[in-house]
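Asker: First to last, the protein sequences are chains A and B.
Read in order, the letters of the first sequence correspond to residues 1 to 297 in my numbering.
Read in order, the letters of the second sequence correspond to residues 1 to 440 in my numbering.
Hints are computed from structural coordinates only; laboratory data are not their basis.
Hints should not be assumed to be uniformly reliable.
[Stated by the list, open to error] Taking lysine to any residue and the SDA-like style, the derived pairs with C-alpha atoms no more than 25 Å apart in a straight line are:
(1) B:Lys290 <-> A:Thr58
(2) B:Lys290 <-> A:Gln257
(3) B:Lys373 <-> A:Val167
(4) B:Lys290 <-> A:Phe55
(5) B:Lys231 <-> B:Gly80
(6) B:Lys363 <-> B:Trp332
(7) B:Lys321 <-> A:Gly256
(8) B:Lys373 <-> A:Thr56
(9) B:Lys321 <-> A:Gln257
(10) B:Lys290 <-> B:Pro337
(11) B:Lys318 <-> A:Asp83
(12) A:Lys88 <-> A:Ala99
(13) A:Lys88 <-> B:Pro41
(14) B:Lys187 <-> A:Asn156
(15) B:Lys318 <-> A:Asn156
(16) A:Lys88 <-> B:Ala79
(17) A:Lys88 <-> B:Leu346
(18) B:Lys354 <-> B:Ser136
(19) B:Lys290 <-> B:Gln372
(20) B:Lys290 <-> A:Ala99
(21) B:Lys290 <-> A:Pro184
(22) B:Lys363 <-> A:Asn258
(23) B:Lys318 <-> A:Gly153
(24) B:Lys363 <-> A:Arg285
(25) B:Lys318 <-> A:Gly256
(26) B:Lys321 <-> A:Asn156
(27) B:Lys321 <-> A:Phe55
(28) B:Lys354 <-> A:Gln257
(29) B:Lys318 <-> B:Lys187
(30) A:Lys88 <-> B:Ser136
(31) B:Lys290 <-> A:Pro239
(32) B:Lys318 <-> B:Phe165
[Said to hold, decoys possible] Over the 12 Å line for every Cβ pair with chain A, so calculated as not near, a few chain B residues:
(33) Asn61
(34) Gln111
(35) Gly127
(36) Ser253
(37) Asp286
Keep in mind it's a predicted model, so treat the numbers as computed, not measured.
Ideal Cβ positions, reconstructed from N, Cα and C, are used throughout, including at glycine.
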Amino acid sequence: MSVTSLNRASTGRGSQREPILSRAAAMLIMGVFTLYFLIPIWWLLVSSTKTQGQFTTTPPLIFTAEAIPTFFSNLGGLFTYNDNVFLKWILNSILYAGAGALIGTLIAAMCGYALAKYGFRGREAVFNVVLSGVLVPATALALPLFLIFSQVGLTNTFWAVFLPSIVSPFGVYLARIYAASSVPDELLEAARLDGSSEVRTFFTVATRLMAPALVTIFLFQFVAIWNNFFLPLIMLRDPSLFPVTLGLYSWNSSIGQNPELRSFVVIGAFVSIVPLIIAFLSLQRFWSGGLAAGSIK
Amino acid sequence: MQRKFRMAAMSAAVVSALALAGCTAATTEPAAGGCEPSDGPVNLTYAAWWPGADEVVALWNEQNPDVQVEFQTGPSGNAGTYQNFFNQIAAGNAPDLGQIEYDALPNFRVQDGLENIAACGDILAAGDQFVDWTWSQTTFGEADAVYAIPQDSGPVAMYYRADLFEAAGIPVPTTWDEYAAAAAQIKALGSFITNFPKTDVNWFAGMVWQNGGQWFTNNGADWSVDLTSAKSLEVADYWQGLLDRQEVSTLASFSDEWNASFNTGQQWTWISAVWGAGTIRSGAPDTSGKWAVALMPQWKAGDNAAGNWGGSSTAVLKGSKHPYEAAQFALWLNTDPDALALANELGGLYPASKDGANLPVFKAEQEFYGGQKIYDVFAEASAQVIPDFVWGPTMTQTYTDVSDGFGAVIGGTGTLADALATGTEKTIAALTALSIPVAE
């Protein structure tokens, strides 16, 4: 009796302790990774509240006493430097990424929907070709694209960066998977019987059912275009067309000649991630739903 | 949306027709040697990354309504702009003019990326207006050839903490032997005489340059690569000694730590180019008034040789449809007193033009340097730079390979001489891979 109760007690305690331990371990690992990812952003935030001289003379992760006024004076300097060129770059990035992701999502949705819902000869071949596009890194395509765009005289124009940005093989893949699983054939059949055209069915029925996937595709594409650097580097020479990534990079490459740019690069990098944070936080709940749906298949 | 696409496609078709027309026009133009002014107004493009270039271009545009220059920019040369130039030259849409550093000029020359502008008006005669060594960099010593106009230069001198040397009673070194002796004394005081910049291989090349060494030679047909000549090894062994005795620090150049060590008095000297004056001023503001500038220490007492670190030219890139106007703009940009003064004010450029060094701005006493007229020293150094130093055709690669070796030395593996030997091997391999003839 005493033995069994002891046993029971010990096993009971053990089985209780184990989840706590593993949970603690999981928390610890997550905590370490969170710190690992957040410290650079924290450093960026703190550094953007410092003057040039304070970079070296003050601790890197602690705010100085006059952090807030310095932050605003840096911000003012950043936006007014060289005829507000930074504002221009941010607006360019918003245009490239916002419009590019919007149109890219629409194209990917139409393409994925068509591949999922219409039977036609060569459907799998088309899909496989699109899929192989996922495997080719965008960087490898930048130079061929430059030579093609040179042929048609579109380098150093808005279109040179915009047109390649609206293509998203991964978006097509995700849209097809999601359309196959979330848009029932019966519903399309019913729409057809009611006399709805195929295009109208797509826009009024299918896109609503596919909404979580579309948000995911939009976010993916938005982030990809926002962070795209190599294509603009190769295509653009007119600073009024630069996206913010290329603008900051060219500033950073001339810090040796122009040291005052150092603090502008730091606060500019901080400002440039704010739109991404806003996009993620506001679309987060759709984003996770869409990702999970894609992973089932 | 669809309409937008159709418009883009249409405009693309129109533009491509224009581009094709442009191509055929280019092929019927007279061959190199004939460089005539164009009829009517001309539009040029100029790509550069030195700060303030846009404003100097605006000054030109104001004065020359018939030759309008559009300014374009991007990251610094090795950070992407050179590769872009090569892509654009291949695609036939390079800017008319581009900023090219001296050490990158041979790369453009061997890949036929530069227009010979010698016949474009009075360009050939303009050579007298530039410091000798800069002119020989842009002509490659070829007769009747000018491939670029020198813009700025980086004659090297020694920045030193006059106050610290005086307080410690250490004489300011004038030879490398004295420099090494001072290094030991400074180490005993807990500081460093200077920092060894493992990634600035072009700085190290400047030291070899001062010693009369050569890394590359070109006999007109073949290139020879020898980073381990006696002169080069003398420099390598010297710095190896300072490193072995830990009398120099090994911080990453231009980093925050590096700035801080200057700001806190850890560094007593910096052997650096004329443009370094601004670097110290902004990186070490607390040391204002305590610095001074002297000529470089010499290998033999009584010598007067200087090295160079950095500097750019303005080149007319291959395929320019208006080489004459482009060459005139490049000449104006680098000789006009107003242009040079503005370039110095906005970009800190130290002109390669002889007259440029006499601008009022270079005659002023520098408060940060204890009231010294430091540009007098640099003007003297500039005249002492050995004129025939030759850069190789693949300097970016050479720099990377030697820098890897230097990094290993700092990490405790090998010597600077080993790194140079490896650099020679890898450079020869790189030249061979590019089918550039290498002499055995």
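Asker: Does each hint hold? Answer for all of them.
Answerer: Outcome of the hint check:
The hinted pair formed by Lys290 of chain B and Thr58 of chain A meets the criterion: a straight-line CA distance of about 23 Å does not exceed 25 Å. Using a Cα cut-off of 25 Å, the hinted pair Lys290 of chain B and Gln257 of chain A holds, with the two alpha carbons roughly 22 Å apart. Between Lys373 of chain B and Val167 of chain A, the direct Cα distance comes to roughly 59 Å. Violation of the 25 Å bound is thereby established for this hinted pair. Taking the CA atoms of Lys290 of chain B and Phe55 of chain A, the gap is about 22 Å. The hint holds against a cut of 25 Å.
A hinted pair counts as satisfied when its Cα atoms are at most 25 Å apart, and Lys231 of chain B with Gly80 of chain B does not qualify at roughly 33 Å. Restraint check: the Cα-Cα separation between Lys363 of chain B and Trp332 of chain B comes to about 22 Å, which is no more than 25 Å; the hinted pair holds. At most 25 Å may separate the alpha-carbon atoms for a hinted pair to count; Lys321 of chain B and Gly256 of chain A exceed this at roughly 34 Å. A C-alpha spacing of about 29 Å is found between Lys373 of chain B and Thr56 of chain A, which places the hinted pair above 25 Å, so the restraint is violated.
Restraint check for Lys321 of chain B and Gln257 of chain A: the C-alpha separation of about 32 Å exceeds 25 Å, so the hint is violated. For the hint pairing Lys290 of chain B with Pro337 of chain B, the CA-to-CA distance comes to about 31 Å; that exceeds 25 Å, so the pair is violated. Restraint check: the Cα-Cα separation between Lys318 of chain B and Asp83 of chain A comes to about 32 Å, which exceeds 25 Å; the hinted pair is violated. Distance check on the hinted pair: Lys88 of chain A and Ala99 of chain A sit about 16 Å apart at the alpha-carbon level, within 25 Å; holds.
Between Lys88 of chain A and Pro41 of chain B the CA atoms are separated by roughly 30 Å; this puts the pair beyond 25 Å, and the hint is violated. For the hint linking Lys187 of chain B to Asn156 of chain A, the alpha-carbon distance of about 54 Å lies beyond 25 Å, and the restraint is violated. Only pairs whose Cα atoms come within 25 Å are accepted, and Lys318 of chain B paired with Asn156 of chain A is accepted, the gap being roughly 19 Å. For the given pair, Lys88 of chain A sits about 22 Å from Ala79 of chain B by alpha-carbon distance, which is consistent with the 25 Å threshold.
For a cut-off of 25 Å, the pair hint linking Lys88 of chain A to Leu346 of chain B stands: about 22 Å separates their Cα positions. A threshold of 25 Å between alpha carbons decides the hint, and for Lys354 of chain B with Ser136 of chain B the separation of about 14 Å falls inside it, so the pair holds. For a cut-off of 25 Å, the pair hint linking Lys290 of chain B to Gln372 of chain B stands: about 11 Å separates their Cα positions. The straight-line distance between the Cα atoms of Lys290 of chain B and Ala99 of chain A is roughly 55 Å, outside the 25 Å bound, and the hint therefore fails.
For the hint linking Lys290 of chain B to Pro184 of chain A, the alpha-carbon distance of about 80 Å lies beyond 25 Å, and the restraint is violated. Simply put, Lys363 of chain B and Asn258 of chain A have alpha-carbon atoms about 22 Å apart, close enough for the 25 Å limit, and the pair holds. Taking the CA atoms of Lys318 of chain B and Gly153 of chain A, the gap is about 18 Å. The hint holds against a cut of 25 Å. With a C-alpha separation of about 65 Å, the suggested pair Lys363 of chain B and Arg285 of chain A falls outside the 25 Å cut-off, and the hint is violated.
Taking the CA atoms of Lys318 of chain B and Gly256 of chain A, the gap is about 29 Å. The hint is violated against a cut of 25 Å. Under the criterion of a C-alpha separation no larger than 25 Å, the hint pairing Lys321 of chain B with Asn156 of chain A is consistent with the structure, at around 18 Å. Distance restraint check for Lys321 of chain B and Phe55 of chain A: the Cα-Cα separation of roughly 48 Å exceeds the 25 Å cut-off, and the hinted pair is therefore not satisfied. For the hint pairing Lys354 of chain B with Gln257 of chain A, the CA-to-CA distance comes to about 22 Å; that is within 25 Å, so the pair holds.
Between the alpha carbons of Lys318 of chain B and Lys187 of chain B the distance comes to roughly 52 Å, so the proposed pair goes past 25 Å and is violated. Under the criterion of a C-alpha separation no larger than 25 Å, the hint pairing Lys88 of chain A with Ser136 of chain B is inconsistent with the structure, at around 41 Å. With a C-alpha separation of about 40 Å, the suggested pairing of Lys290 of chain B with Pro239 of chain A is violated against the 25 Å cut-off. The suggested pairing of Lys318 of chain B with Phe165 of chain B is violated, with an alpha-carbon distance near 52 Å, which exceeds 25 Å.
Its beta-carbon lying about 16 Å from the closest one in chain A, Asn61 of chain B satisfies the requirement of being farther than 12 Å from that chain. No beta-carbon of chain A comes within 12 Å of the beta-carbon of Gln111 of chain B; the shortest separation is about 16 Å. At roughly 27 Å from the closest C-beta of chain A, the C-beta of Gly127 of chain B stays outside 12 Å, upholding its exclusion from the interface. Residue placement check: Ser253 of chain B does not keep its beta carbon more than 12 Å from all beta carbons of chain A (closest about 9 Å).
Once the 12 Å rule is applied to beta carbons, Asp286 of chain B is inconsistent with being away from chain A; the minimum gap is 8 Å.
Checked against the numbered hints above, the structure violates hints 3, 5, 7, 8, 9, 10, 11, 13, 14, 20, 21, 24, 25, 27, 29, 30, 31, 32, 36 and 37; every other hint is satisfied.
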